[in-house]
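These protein sequences, in sequence, are chains A and B. Residue numbering for the first sequence follows my numbering, starting at 3 and increasing by one per position. Residue numbering for the second sequence follows my numbering, starting at 211 and increasing by one per position.
Wrong hints could be hidden among the right ones.
Unchecked claim - Derived BS3-like pairs (lysine-lysine); straight-line CA-CA distance at most 25 Å:
no., chain 1, residue 1, chain 2, residue 2
1, A, K728, B, K580
2, A, K465, A, K707
3, A, K260, B, K571
These aren't lab readings, by the way, just hints derived from the structure by calculation.
One-letter residues, chain by chain:
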Amino acid sequence: MFAAETVEAGFFLEHAYLIPLIMAASFGLTLAIGKRLGKHASWIGIASIGACFLFAIVANVQWADYVHDTEHAAEAKSDTDDHGSEDTSDDGHGDEDESNSEDESHGDDEEHSIGPVLPDDVGPTVDGETAAARAPPVEAAAPAVPAAEGEEIEIVPITKTWTWWTNGTVEFEAGMLLDGMAVMMLFVVTLISLLVHIFSTDYVAGDRRYTHYFAFLSLFSASMLGFVMAQNTLQLITMWELVGVCSFALIGHWWEEKPNSDAALKAFLTNRVGDVGLLVGMITLFFAAGQTFDIIEINTLANEGAITHTALVVASCCLIAAVMSKSGQFMLHTWLPDAMAGPTPVSALIHAATMVVAGVFMVARMYGVFWNGLVIGGSSINFLAVVGGVTVLGGAGLAFVQSDIKKVLAYSTISQLGYMVMALGVGAWTAALFHLFTHAFFKAGLFLGAGSVAHSVHSFDMKKDMGGMKQFMPKTYVTFMICTGALIGIFPLAGFWSKDEILAGADQLGSGYSAFMVVGTLGAFMTAAYMTRLIYLTFFGEFRGGHHEADAVVSHGEEDHPVDEDHAADPLDHADHSDHHGEPHESGPRILIPLYILATLAVVAGFTNIPDSGVLSWVPEGLALQFEHLFEPRGGYFPSLSEVGPTGVTFAHPKFDIAIAIGSSLVGFAGIGLAYAWYFKGMGPHGITERSKIAKAGHTFLVEKYYLDHLYTGIIAGGVKGPIAKAVNWFNKKGLDGIVDGAGKSAVVGGKFVYNTLDQKIVDRAVDGSGLAAEGGGQAFRQMQTGKVQQYAAILFIASVVLAGTFIIVI
Amino acid sequence: MDFIQDWGLTAMVFAPLAGVALMMLFPKDADETHKLVAMGASLVSAAFGIAVFADFDFDNTGTLQFVKSTGWIDVINARYDIGIDGLSVPLIALTLLITPLVIIYSWNHFPEPHNPKAFLALILVLHTGMLGTFVAQDLILFFVFFEVVLLPMYFMIGVWGGPERQYASIKFFLYTLFGSALMILSFLALFFLTGGETFNMVELANQVQSMDIARGTQILVFGGMFMGFGIKVPMFPFHTWLPDAHTQAPTQGSVILAAVLLKLGTYGFIRVALPILPEGAEAWAPWIGLLAVIGIIYGALGCLAQTDMKRLIAFSSVAHMGYVMLGIATLTDFGLNAAVFGMVAHGLITGMLFFVAGSLKERYHTLEIKRLGGLLLSAPRMGWILGLCTMASLGLPGLAGFWGEFPAILAAYQPKEGLPVELFRGYMVVAAIGTVLAAGYLLWLYQRTAFGTVSEEFEDDENITDVQMPEWIAWTPLLILILVLGVYPNLIFKITDGSIVNVAQSIAAATGN
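Isolated chain A, as found in the complex (with noise of 0.2 Å):
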């Protein structure tokens, strides 16, 4: 469309695929020479995550700035030429040199370019059409969106390519793609990774693997950060596997203990089992939308309904349990309390900030397909919503019956993430991202928060050492309770504003999703319970710790997590640290900082997109709604531009609700209450679990965690490697290699009933040769034994020549 073409991007955003490969750069720097650095090992990724960050930053400056003269090019041409549509789009192909305008103008011209089409055309070329003509009007265009103004101005993301890869003489790219989402995500993964880093340098201090572990936040980061950059599916997956192996490794990193590389294990596994859905979906997607990857192109295609309805419907429920394994979504969630086994940092950057949500970000990502493949416009209810809001209450559910500090937030992380899942599902699309935004901030700031409690006590149990926090670690306790004001949705915290969103975007396309409304207050509800007891056990209350200096070696694992993070100060491993017994005490500036940063976006991040409907109406625009404005995408391959598409119904905003907000806040308050009457106050039927069977089956329910475990771990895992994989073992060796060995043994005794019955019967002369010749051989092979194999494997090669012309002449 118009715009683009007068429109430069500023040098950050042209080139930030450096900063993936400069985190890669990281990876490889610090295994290869960290060993040698010591202790200063973490600066190779320090310094290299801080200048990502520092990238980041300007390359959203310079993003906001594209967005802005983007639309002023554009309210500038429509002043000046009204419809000159056709002009300007040639121009565009003129100015658009630096990623590839000979291909494009080839798609132009050529009939059936399936091709490699650019993304950063005016919108993909496929059978024929051109661009021009497909490429849907502004002015058609714009009565079908209500709204803001300037919203229907196209903003072309910015792409590069390299070719990867060919196939029948077509070249498949890899390549970066960054529209509004990826930059969000830049800023996002650098500043977690780098507070994450800087919080390590304190926390892992005296590690054992003190390289390897940096070594796999900087790899992590690359993918992460590839991952959000992703041009195509298939780079999508690799990102995908990629982080999902530093995940892995961090996971493990203690892997000495068994209980930490199971649980590596099984967030791999559990992974790769959604994996399945991600390889089938991305390929069912590869060959409807015409044999490409292009991630812009496949939504483009879905938009504009030039895909089959049923292969959208298969690739979105193949992706779907893709995101359950990878963000955690119910029946698939069961790894991501036990990945807690890693060291904390890494619970905060990987499963909570950043890589659990790349399953949202992929469902975002490919939104055309979701939108259209699952109608979301035009139900009431669909599988992803579904998904999403059983794991907001399943995951809120299981919080209150942990009783380890990390545990409960794993919990919450699942339901979070839930209500992203839940917003995707009901159309709520730049709710679940900005919900994406501020979770990572707040929810990163209680894990590290949790850490910096656990650095104090030496363990995560909640009910047996800690208790009283607030009174040693008075600055902890303080960016705790900000976080966890965030996350219940405190007005004006930044979860107030984005949850709230998200109840009011369940209500949007016309009240059809009104029961996922009902089930986020609930889940705001249950929050704040699980929230209020977490508080209580950790910083109110007596001090219960204190027990370890006597044992401080003895691992005090219970059932479920027999993990802790003792070895990790194990006076071995932790000589520096061994002055920390005794009274818990506030920890270190490296610590402190990055809670201070996290807490402070915890309040203020809400504000980017606060906004301008409603009771709110004197927000000035300039201000209001900016996370939409910037970061939500505007463009054929999103559906809010797409002409009304078969689902018939249109994207949508959620306008500001004060009935709602208010609504979930006296939710909120309701949970803070009744926890606070049950734990502070001691009111309440407590016990009730000994008394009441009903209660007391309930209770077992959550506690062995809806019995999954039990059927992933103990049937079906245990069944595939224990009778099955044996039965399988039983048939190779007594089936199939019976009838081998049979063969064998009936070929020999009717070689010795020839011999014995027909030939030496009756053709006596031939037993003469035989003879000879079996002697010969028996003598050839004990000399050969012997060690004279080299003449004998001459002879027989050449043997075998002779026997092979022989042979031939015969014939």
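Take the given structure of chain A and dock chain B to it, following the hints.
Coordinates of chain B only, in the frame set by chain A:
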């Protein structure tokens, strides 16, 4: 350059034999000389190979190059026809790489009963056989080279092998020979069916087309080749020789077996069976696909039940070659390209795994999985290398294994027109599930061998050292290739694509779709 054009390939193929001849001149106990001669011969061969590649037209990988045709056995019109195209180049390169590395690795690692002279001579003979198979363009020549490989491997297993070497070597020999017998029968049938004029592959393919050989006949003849190549691959249910042979063979034997020998079978399918008998291939494809996916699951389950590390790796070959065969069964360019990539990747990765297993065996004197553990503590570098190889083997994107697996699964979504689509989509899902099982057995292996703590038995074992110099030299090129090919797979796809497109198109044309 004329010499290279005319005789470069021949020199490359027979240089190792010249080395063997040279070695015969020296007495048995001149170990160092033998090592140097063997190394020299393999390097000369590699040098000729490089010279040929330097002159190879990489923009035109679809056409046969360096074609040389001279009379050989005139009675039956069998000729010495050789030539290479994009399909052979990666496999020749793999062979040229693996053999010198195996010789380097052997430097101080000769298995009992030692005897470097014989051992190295056998390796060189093998080398000639493998290279010859990849350059032969005449069926009889192909068959001779294909069979030449058999004997040295038989002796390697039978003489330098483990405790059950006799059984394993005989089984290997007879089983493969059985397949070969059926294969030569098919070759002869083809020869006579087309009028007894030629054994040249290209001409045979043309004649089969022009003479319109009946579909039923094609199916029968293809069946014979299927047995020959399928046993070599090996495909389920003809795989049972493989775990025994691999487990009993000395490390060097296992590496060559895994890295190159198994590929002779899959190469045979793409080079010989598919282009000459497209209709037969089409009829067989669903069955090949079925056996391939059974192999994927069956191999993986078999792996989970193994208690010996080497046997586990051996079994994993059954699963991995299942992906290669699935790719071939689709008869599409995606599938065939994936198959060739899969061959190379499997060669590098499983070759490396066998190297590591061999080195572990030397240190621990056992490969029983439950006795191992804590490798990352006792030999951290070795542990890392094993980790990288298991990740590559389970098909992690970014490492070579992925590019053999993913496009094969992809191809099964849309096999060649005329093949049952729904069936192949079912295969696709099963193959995708196979990736979960692959991750399962490989990571479980890694957990039990590398993670955890060192068992008491080996706690203070001086014998358990980290990676040694010959190992570094032999392994580094493989590790680098695993990484580089994983990141930039075009290095192989670009070469193979030309000839693969030809094969796929000729099949499509011949089967009327």
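Which hint numbers doesn't this structure obey?
When the structure is compared with the hints, none of them turns out to be violated.
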